[in-house]
Structures are given as structure tokens and as C-alpha cells.
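J.: First to last, the protein sequences are chains V and L. Anchor point for the first sequence: position 312 equals 312 in the working numbering, and the numbering is continuous, going up by one each time. Anchor point for the second sequence: position 416 equals 416 in the working numbering, and the numbering is continuous, going up by one each time.
Simulated from the structure, these hints should not be mistaken for laboratory data. A couple of the hints might just be wrong.
Claimed, not checked - Quick list of simulated restraints, FRET-style, between CB atoms:
#1 206/L to 19/V: 56 to 66 Å
#2 452/L to 148/V: 42 to 52 Å
#3 79/V to 440/L: 27 to 37 Å
#4 206/L to 538/V: 26 to 36 Å
#5 59/L to 523/V: 23 to 33 Å
#6 453/L to 148/V: 16 to 26 Å
#7 453/L to 74/V: 15 to 25 Å
To be verified - Computed far set for chain L versus chain V, every beta-carbon distance over 12 Å:
#8 41
#9 116
#10 194
#11 206
#12 234
#13 289
#14 291
#15 389
#16 451
#17 489
Don't be surprised by glycine CBs; every beta carbon is placed ideally from N, CA and C.
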Amino acid sequence: MSTRTSSNHTAAAALVYWLMVMCGLAGLSVLRMNTPREFVPLWIGSVAGIGLGQTLAWLRLRAWLIAVMSIVAIAASPVVFAVLYMVFGSLDVGLDTCVLAFVPAAVCGYLSLSERAGLIAFWYPAMLWMVVILDRPSAAAFDSQNVLPLVAGLGGLFVVFLRSRETRRTAIWGAHSTLRLAEPLSRTVLRTSPLRGASQHLWTGAVGVGSLLLAAWVAPHLWQKEAAHPHAAIVPQPLAEDTSATVDSNGDQCCTTDDVEEQRRERVREYFPIRSTTQAQAQHAARPLCTRCQSGKHARDAASGAKGVRGGTASRGYGKDGSSTGNYWSADTTAVPMAAGAYAPTGDANDSYGATGYGNGYGTVPGYVAPEPPAPDPVAEVKPLPPVPPLPKVAKLAAVPSKVDVVATKPEAKVETEPPFAASPAHATSPKPTVVLLPQQPAAPPTGGTPWRSALALCMGGIALHLAMRALRRQLTLRHLARPFWRETLDQRVSNQWQRMLIGLRDAGIHPSTDEQPQALAKRVDIEGMATCATILERVRHGIRVGADDLAAMDAASTAVYRAARNKAGAAARAAALVRSPL
Amino acid sequence: MTEPLTRSWPKTAFRVAALVVPSALAWREAFTEAHPSDLTDVVTSALGPLWLMLFASLVVRAVAAAVRRRHDPSVSILAELDVLTSGGAALAWLSSFSIVLAVWLGWASLAVVGLLGAGLFHIVVLLSLVALRGKDPMRAASITRSFTPEIVTEDEAVIEELRFEGVRIPLGFRLFVEGRVGPRWATSRHVLDAAESGGEVVLESDVGPAIRGEHEAEPLIVWLQDTFGICRSRSALVVGANVTVLPRLRETEKASAPLDRGDGPRAAQPVFQLPTEGFFRLREYQQGDDVRRIHWVRSLAARELIVRLPDEVPPDRPRVRLILDTFFPEASHFACDAPSELLDSMVGVWLAIGRTLAESGTRVTLVTALPQGETYAPTRQDLSRRALGPALRLGAKVTWQNRILVDDLLTKEATLVVSRAMLARPQEGNVRWIAVVPGDQATNPVWPTQSEALMPHPMGSEDNRWSRCREASNRIARLRTEHTRALLVMHGVARPLPGSFLARLTEGRTVQLEALR
Numbered sequence: 001m002s003t004r005t006s007s008n009h010t011a012a013a014a015l016v017y018w019l020m021v022m023c024g025l026a027g028l029s030v031l032r033m034n035t036p037r038e039f040v041p042l043w044i045g046s047v048a049g050i051g052l053g054q055t056l057a058w059l060r061l062r063a064w065l066i067a068v069m070s071i072v073a074i075a076a077s078p079v080v081f082a083v084l085y086m087v088f089g090s091l092d093v094g095l096d097t098c099v100l101a102f103v104p105a106a107v108c109g110y111l112s113l114s115e116r117a118g119l120i121a122f123w124y125p126a127m128l129w130m131v132v133i134l135d136r137p138s139a140a141a142f143d144s145q146n147v148l149p150l151v152a153g154l155g156g157l158f159v160v161f162l163r164s165r166e167t168r169r170t171a172i173w174g175a176h177s178t179l180r181l182a183e184p185l186s187r188t189v190l191r192t193s194p195l196r197g198a199s200q201h202l203w204t205g206a207v208g209v210g211s212l213l214l215a216a217w218v219a220p221h222l223w224q225k226e227a228a229h230p231h232a233a234i235v236p237q238p239l240a241e242d243t244s245a246t247v248d249s250n251g252d253q254c255c256t257t258d259d260v261e262e263q264r265r266e267r268v269r270e271y272f273p274i275r276s277t278t279q280a281q282a283q284h285a286a287r288p289l290c291t292r293c294q295s296g297k298h299a300r301d302a303a304s305g306a307k308g309v310r311g312g313t314a315s316r317g318y319g320k321d322g323s324s325t326g327n328y329w330s331a332d333t334t335a336v337p338m339a340a341g342a343y344a345p346t347g348d349a350n351d352s353y354g355a356t357g358y359g360n361g362y363g364t365v366p367g368y369v370a371p372e373p374p375a376p377d378p379v380a381e382v383k384p385l386p387p388v389p390p391l392p393k394v395a396k397l398a399a400v401p402s403k404v405d406v407v408a409t410k411p412e413a414k415v416e417t418e419p420p421f422a423a424s425p426a427h428a429t430s431p432k433p434t435v436v437l438l439p440q441q442p443a444a445p446p447t448g449g450t451p452w453r454s455a456l457a458l459c460m461g462g463i464a465l466h467l468a469m470r471a472l473r474r475q476l477t478l479r480h481l482a483r484p485f486w487r488e489t490l491d492q493r494v495s496n497q498w499q500r501m502l503i504g505l506r507d508a509g510i511h512p513s514t515d516e517q518p519q520a521l522a523k524r525v526d527i528e529g530m531a532t533c534a535t536i537l538e539r540v541r542h543g544i545r546v547g548a549d550d551l552a553a554m555d556a557a558s559t560a561v562y563r564a565a566r567n568k569a570g571a572a573a574r575a576a577a578l579v580r581s582p583l
Numbered sequence: 001m002t003e004p005l006t007r008s009w010p011k012t013a014f015r016v017a018a019l020v021v022p023s024a025l026a027w028r029e030a031f032t033e034a035h036p037s038d039l040t041d042v043v044t045s046a047l048g049p050l051w052l053m054l055f056a057s058l059v060v061r062a063v064a065a066a067v068r069r070r071h072d073p074s075v076s077i078l079a080e081l082d083v084l085t086s087g088g089a090a091l092a093w094l095s096s097f098s099i100v101l102a103v104w105l106g107w108a109s110l111a112v113v114g115l116l117g118a119g120l121f122h123i124v125v126l127l128s129l130v131a132l133r134g135k136d137p138m139r140a141a142s143i144t145r146s147f148t149p150e151i152v153t154e155d156e157a158v159i160e161e162l163r164f165e166g167v168r169i170p171l172g173f174r175l176f177v178e179g180r181v182g183p184r185w186a187t188s189r190h191v192l193d194a195a196e197s198g199g200e201v202v203l204e205s206d207v208g209p210a211i212r213g214e215h216e217a218e219p220l221i222v223w224l225q226d227t228f229g230i231c232r233s234r235s236a237l238v239v240g241a242n243v244t245v246l247p248r249l250r251e252t253e254k255a256s257a258p259l260d261r262g263d264g265p266r267a268a269q270p271v272f273q274l275p276t277e278g279f280f281r282l283r284e285y286q287q288g289d290d291v292r293r294i295h296w297v298r299s300l301a302a303r304e305l306i307v308r309l310p311d312e313v314p315p316d317r318p319r320v321r322l323i324l325d326t327f328f329p330e331a332s333h334f335a336c337d338a339p340s341e342l343l344d345s346m347v348g349v350w351l352a353i354g355r356t357l358a359e360s361g362t363r364v365t366l367v368t369a370l371p372q373g374e375t376y377a378p379t380r381q382d383l384s385r386r387a388l389g390p391a392l393r394l395g396a397k398v399t400w401q402n403r404i405l406v407d408d409l410l411t412k413e414a415t416l417v418v419s420r421a422m423l424a425r426p427q428e429g430n431v432r433w434i435a436v437v438p439g440d441q442a443t444n445p446v447w448p449t450q451s452e453a454l455m456p457h458p459m460g461s462e463d464n465r466w467s468r469c470r471e472a473s474n475r476i477a478r479l480r481t482e483h484t485r486a487l488l489v490m491h492g493v494a495r496p497l498p499g500s501f502l503a504r505l506t507e508g509r510t511v512q513l514e515a516l517r
């Protein structure tokens, strides 16, 4: 068995993996900056899980041993939970989010260093990125304008991750084996194409782009939408004291449309639930303020106390603290104002996959008083609509998430084209419509405010600056080697001219080997003028006096060789040589 | 580059199936479960051309292999289609599994992961089928292999130099090189990137310590593999180079022991002469002396009977034949290194004793059986203390053989036989045995142990696979068994014969002789 110290190539895969995860977590944090309760457990679970997984992989533990250890850990988990309960006084500290993140992160972290399970390992960071991509303020199913940098980044990191894994595998292949391995000594590149390295990267990029296009083309057709909790409707809730004002002169009530709401409650299914779109807020602001209530759902929603002025919902607590006297199918049940006055300070409890899961919202807090709901603007009196003939009832969304093809449903188009009033379903048991006053919604947050474009521009600018600095450094170095900026000895100037000539040779992909003497190099390369340079340089090296005429000859010969080599390289290679490092 | 290596056919068939089967299963499931209308259109538009091109490439490759097979029956169609690595097959299956899971669970990330994997897989496979076409993907590259120095002494470093000139490495691929000199040598592994395609690259590695012998290095195995580890070309062989490793000369402790005991080569030998011959030693007549030996002139002068004694050759420059017994027909049946290591020790002892005898003034003739063409023949070489080169070359050529018994090498001259064991028969004439016994390191070697809970190599290594670990464990177990058996066969018949010697190599790499009484 042979074991040698692996090269640094082996660390790249782990680092790229961490980069993917960190970027995903950072994106989530930016998107949910206002709800640290959501992303802090996610950070903890992800970092701890991946750290543990990669540590176990680094320790070379076999999977069966880890499985046994996991079973033991599960058996001991009640004790851990008890300790946590004693420490925190409650388990409502985001523990389940932490566990939900920790387990797959540990598995994927372990597999990230495996030989053949890289795709499984890629799932966890991809899942984080997908949440970031889909969970956006202006989230349509696939908003190419805003998510393009993220999608490109995900595809690029996927390719880089796979390639770094293969590079790591190659390095391990060369350093570890059951057989006794020879010790590599030196690697001398005598001649190579100066552009092949770049073309290799271009090929990798092209493969990545192709894969990304395929994925972007086909994958959305495999996405499935699930309904948010049916009672987690994003319905503006009238304040209790305003309820009386919602009845117009005709005694009708004004409500939102059930169908439109249920369309808005759909979201792309993911391991971690994606936030119901806050786009609904903008749509709320744009849509008609009220419609005639004809469905029992409004009454149910009102009774549940799950409505918030910012679209907040409380799926678990719905109807719990409010007097849920309303029957789902009885349309005329009036909402009890107690819960109706609740207010969601965070604006969206529906997406809280935190400790209490959905519905850890305001509806569960008895007697919670809204801190400062935005005062509803005076609303002009709404004229009640005349009764409309009953329409076919829209199928109620089931509590269990259902598979809905994203493209097939086209929710946005439906929302836009559907007349809000016409979609109002009639309820057979509704003897008299109820008008509910809708408060004026705050303006929707500006879309496209995410920092991705700025960050991308900053990165590109940094890269451009870096390349520009390389080119500048090269020009300065060449200038100094040709005509030194400060006074130097004759011998040093001869050596400088030789180095300048070598730079030109490297531009053409010609490299001197280790311990290759100047004359041998000149003979191998066979460019006119190199022999002169080599002769003068060897005279300097052997301490034979050189004069100004020798320097002039060296200058002329090295310049000729430099130009000949660069001409031989070609225009593209010359351009690439501008930013080559080291010189 | 000559014949490619073959891979086991069940695995080959599995990998070939992985080119098409996972995708077919995954999309069948997707079309069944999901809304078929839109998905079918999109998949047909996006992946359909890829599938068509992949299928067409496979058909073309299979047809080309079938055509070549008419002229060369060794060409295998299945092997021609085998372009996937195990990692590539895993990617195919995992991406398809992700798509199926995306259909079942509906998670968007699974769909993205599956499509990214499937897209990358299909693109790389297609490009590989194009880039790795033909019998010689390297396109007649010049790969030169040499060893520095070409003649080296045992246990010293040997530098293997590989020079690649004009090697064609397609874009997106790497060139993998693996090779070794022989079974007991270190394996050298190198990787060349496509950036070095068409250039001139020199790779060096230390494959030492050198193992005694005249070696024709095993061919280098060369293949191409893409930068994602999905596809690989067929392996090609690059002919090897030669390296000669001379045995190391060792010192002998108690060097004169073989010559100091009994009537060995240092004892004087009487010369057969007629009774009337001999002039140097005289003495008075004693009763029983041959009357023909009476020196009458001296007797008259001395007035008593004086007789002449026969002359003797003084032992000023004794001669000895030093035979190395290499007859061991069972050696080729052992997979372990014990027979080879023992032969190296025997050669070391043989040369060490020969040099010691030569330095003490004895004329030493080295005798052994060496390969000559297809057979073996006895070979003699006088050992000169000032020119050891020929003797060392002789030592480098020694191998186990099954043709010439040690009896065929014996003569009436004084002889020392260096052997793996003393033959169970009485001493004959001037023959003395020197049996080489294994040292502690050879008797109790340290075998690598494999933990069931820990992987032997860093995670990600191919050698961590269960099949390979099992294979390695079986190999070690077999080697242990054979090592024990080889020790019994090689040394089990040894019986201490009075007047013989035991020789062993010490840790200081000297030869220690022990006389048996």
C-alpha cells in the first residue's frame, strides 16, 4: 500500500462545495433578512451538517459505521431534546429547521468527497440555491430577468464542482494506492501551445452552458406546484372595528375572490418550503378592493383569524383563538372580531418553517394586539354589485399538496386574465352578500432590489482590474528588462535581456527545462539570434568580461528573438500572454 | 502502442447499458406521471436530438467495430462501445434517479440536479464518442520511456523518464499513464492535461529502490479520460524499456571461516610421483619403507640408509569453485515475493563470499546456471578482486531455473555451494554447503491490515470500493499463505550437516556465516 502526500488539488472539491453552500445560505439570508428565526437555524444546521459529514469523510469512516452511529444517536436523541428543553425552556428554538437542514447536509457533505456520489452531494447546495432562485419578491415561476445570474452561478458551480471532484480523484489516484507508487520528481514542459490551457477552460464552460440550457429548458416542466395551506390565505383582513363599515348601504358585504386567492397560494414545491410570494402583496394593491362575498370561505377565513394586513397567515392557529363559530359551508357566519384584529408583525408567518412550522403566527397568540397596523385609508363607499348567476364552483385546494404542472396551470396568466368579479363563486347557502371593507394595502416592495447584479458587476470589475494589473505589470517588467528604470551593471543588463527573451519564448509556449544550459536551449529552439544571446550570457556567467558592444549585440539579438517568438505564437497567444502569470 | 487492455464483460455490459437505459427509464416514468403533453414536447425538443446523436454514434461505432472484426477477430464490439467510467455510469443512473424523484416528490431542486447531470452526461458522452473515435485515440504519439541510469546497483534510486512528444489529447480530456518495471517495483502514475497536447513534456519519477535483475519493463498503460471523469478511451500499451540492476556487494563477517576448517581449499595436496622421483625431503630409512626410495649416494655418504620422500604442491594459491544453486522448479508457482527475495539474498551471499575469498588470495570461479535463449546453461566466471564488473553482471542475470541440478555443476575441485537449503545427503569430496537462511524481515513480514470500519485510502479513491478492498484482502491472505508455503518449501528440507555453513543477511546488509558442527 502506498500513501503519499496529496497535492493541493484535493482540497479544491471541498472548498468549492463549501462555496456553493455558503452562497446559497447567504442568498437565503439576504432574502429573509427580516426573519432571522428562519435562516439562523438553517445556517447552524447546514454548517454543522456539512462540517460533520466532511469530517467523517476525512476520517475515512465507512458508511455502515456512520449508519450505526446514527441509529445510536437517534436512540439518544430524547435525552438531547430533554436537555435542550431544560436549557431553553422550550423546544421552540428552530430545532426542527436545524434538524431538517442538518441531516441532509451531513449526508451530502459526506458524499461530497465520495468517488461516485457527487450528484447526490450536489443536491443540498442546489436545493438552497433553488430556494433563493424561486423565493424572490417578484417570484414568478422562473423570472429570467432576476434569476439569470443565480441560475448561471448554480450551473457554473455545478460544472466547477464536478471538475474539481475529478481533479481530486485524479490527485488521489496518483498518490494513494494499494500498490507501491513511485515518487514523482519533476515535470518539465519543454514546448506547448500557449492557448490550450485557456481552451480547456472554454470547453468546460461550453459543457456547463449546454447543461445549464438543457436544465433551464426542461427542468421547469418537472417542477410541481403545491398549494400553500388552504387556510393560509393571503387575504387582507379588515380590522374588527371596521367590520361594520364594510356593509354598504344595500347591506351587502365586500370580499376578495376565492379563486384568485387560491391561485396565488400556489408555490413551487421544494424540500424547504418556498415562501408564498410577496408578489401577492403587489397584486393586492392593484386589484379591486372588494367584491361581493358569496362564498363560505370568506366567513371561514374571517372566523379563523388568520388574515393579516401583510398577507400573514397562521395555518396552525387558524380558528383556534378566534371564536371559530363559523361553519365552512355556512356562508353567513360572521367573523368574530377578536382574531380578526390580529396582526402579523413579520408579515408572513405562512412560510415560517421554524420551530413551530406553519402557523406559528399571530393567530396562536391569544389576545395579541396588533402593534400598529397601518391605518386604512379612507375608502370610498363601495357600491354593492347586483347578484350574479351562480358560477361553477372552483375546486377547493386540498390540504395535501397536489401535483400541478407549472407550465400547464400558468397561474399568472390566469390571474391576469380572470375578471376579478366574475370569478366570484356563488354559494348556494348565501342568502345575502356581505360587504367587507378592505384596508388600503401598503405599496409592494420594489422588485429587482436584490444585490445580485451589483455583486456580479463588482466581481467582474474586480476580475477586469486584476487582469489589467497583470498586463500593466508585464509591460513594466518588459520595459525594465529592455531599458532598466535604474542604473544596473552590465552583467545584470545582459541577464535582463536573456530574461526578456525567455518571456517571448514562453509566449510561444517554449519553456527551458531544468538545468538546461543556454547553448542547449538555443540549439533546441533554433531561432536566429538565440545563439548570440546564449554565447554572451555564458560569457557573463563564466566571468569573462563583456563590453558595451556585447550589450548592444545582446539587445539586438534578444529583441529579434522576442519578436520572432511572439510572431510564431500568433495573435491570440499574444493577447493571452498579456495576462499570463507568472511571466 | 499496441493491444488495448480488456475489461470484464459483465461490467462492460453494464456500462454500455448505462448509456441509454437510465434515461429511458427516467423519462418513461416522467411521461407517465407528469403532464405528458408539454413535457413530451420540451423533452423531445431538448433531449431528443441528443439521444438521436448518441444512438447514431453508438451505431456507427458498433458497425465500425464489426467491420474491423472481420480482419481482426480480437476486436470486441462491446469493448468498442464501452466508453463510460464507473463514475460516468454512476452519473447516468443518479441523474435519472433524480428526475424520477423529481416526478415523485416534486422538489424543484431534484429536477434541476437531474437535468444538469443528464445534460452534462449526454454532452460529454457525445463529445467523447467523437473525440475518441478510431483505433488509436492518441494518434501515433511519440512516448519515449527510459531509465536513468540504465545500469544501477541494487537498492539505489532509479529515475524513470517519460518523454511525450506530439501527443494528441483532445480538448476536455486528460491523458493517464500508468506503468511499472516489474511486480516488485513501484508503479508510476502520471496525468497530462489537454493544455500539454501536441507539446513536449518530460515526466520523471523515482521508481526505486532498484530490484536486482535484468529487467524489461512492463508496457506502459495509456488512456484518455475526460475532465469530469465520465468517459475514457480504450487503454493502449506503450512498449517498455530495459534496465539492469546489479547486485549490491556486501561484506562478509568471519570471512575465512569456510577456508579455515578441515581439508578445505587451503590444505596442501600430495603430488603423485614415482618412487624414484622426489629430491627435496630425505630421512632415515624406517622399517617398511619402499626400498626403491633408498637414496644410495646419500646412504654411502651418511653410512646409513636414507630414503627420499614424495614431493607436495605448496598451498600458496588455492582454487575454489563457488557454485550458486538456482534449481527451484516451484518458484514460478508462488505469487509471493519470498522466492525472489531469497534469490537476491543468495546472490548477495554468493558474491560476498566470492569477493572475500578473492581478496584473501584464493582463485575463485563463480559457477551458476544462466538463461541462454530458451534454455539454461552452466556458466563460469573467474572472479577478480580488481574487476568485479563481469561477476556483478553475472549476478544480475541469475534467475530461478528448473533445468540444471547442482550435481551437474560439481567437479572434483574444491567447491563451495551456495544454496537455499542443504541437500539431505552426505558430503561428497571437497563440496561444502552454504545455506542461505531468511532474515527476520523475510520470516515475519509486516502485512498490511485493513480495517472494516475505516477506508484504507482517502475518500474518493477508487481503491476504497468494496470490490477492490475485498480483492486486496484476498490477495493479502493468499500472499500470506503462499509465503508460509514458500518458506516451508524453500527451507523446510534443510538439515544441519556438519562442516556446512548457514549464511544470513543482517540488517546492516552484511553476510553473517555460522559454521555447523
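J.: Each hint: holds or not?
T.: Now the hints, each set against the structure:
no.: 1; hint: 206/L to 19/V: 56 to 66 Å; in the structure: violated (36 Å)
no.: 2; hint: 452/L to 148/V: 42 to 52 Å; in the structure: holds (49 Å)
no.: 3; hint: 79/V to 440/L: 27 to 37 Å; in the structure: violated (53 Å)
no.: 4; hint: 206/L to 538/V: 26 to 36 Å; in the structure: holds (31 Å)
no.: 5; hint: 59/L to 523/V: 23 to 33 Å; in the structure: violated (51 Å)
no.: 6; hint: 453/L to 148/V: 16 to 26 Å; in the structure: violated (47 Å)
no.: 7; hint: 453/L to 74/V: 15 to 25 Å; in the structure: holds (19 Å)
no.: 8; hint: 41; in the structure: violated (9 Å)
no.: 9; hint: 116; in the structure: violated (5 Å)
no.: 10; hint: 194; in the structure: violated (5 Å)
no.: 11; hint: 206; in the structure: violated (4 Å)
no.: 12; hint: 234; in the structure: holds (18 Å)
no.: 13; hint: 289; in the structure: holds (74 Å)
no.: 14; hint: 291; in the structure: holds (78 Å)
no.: 15; hint: 389; in the structure: holds (28 Å)
no.: 16; hint: 451; in the structure: violated (9 Å)
no.: 17; hint: 489; in the structure: holds (26 Å)
The earlier numbered hints that this structure contradicts are 1, 3, 5, 6, 8, 9, 10, 11 and 16.
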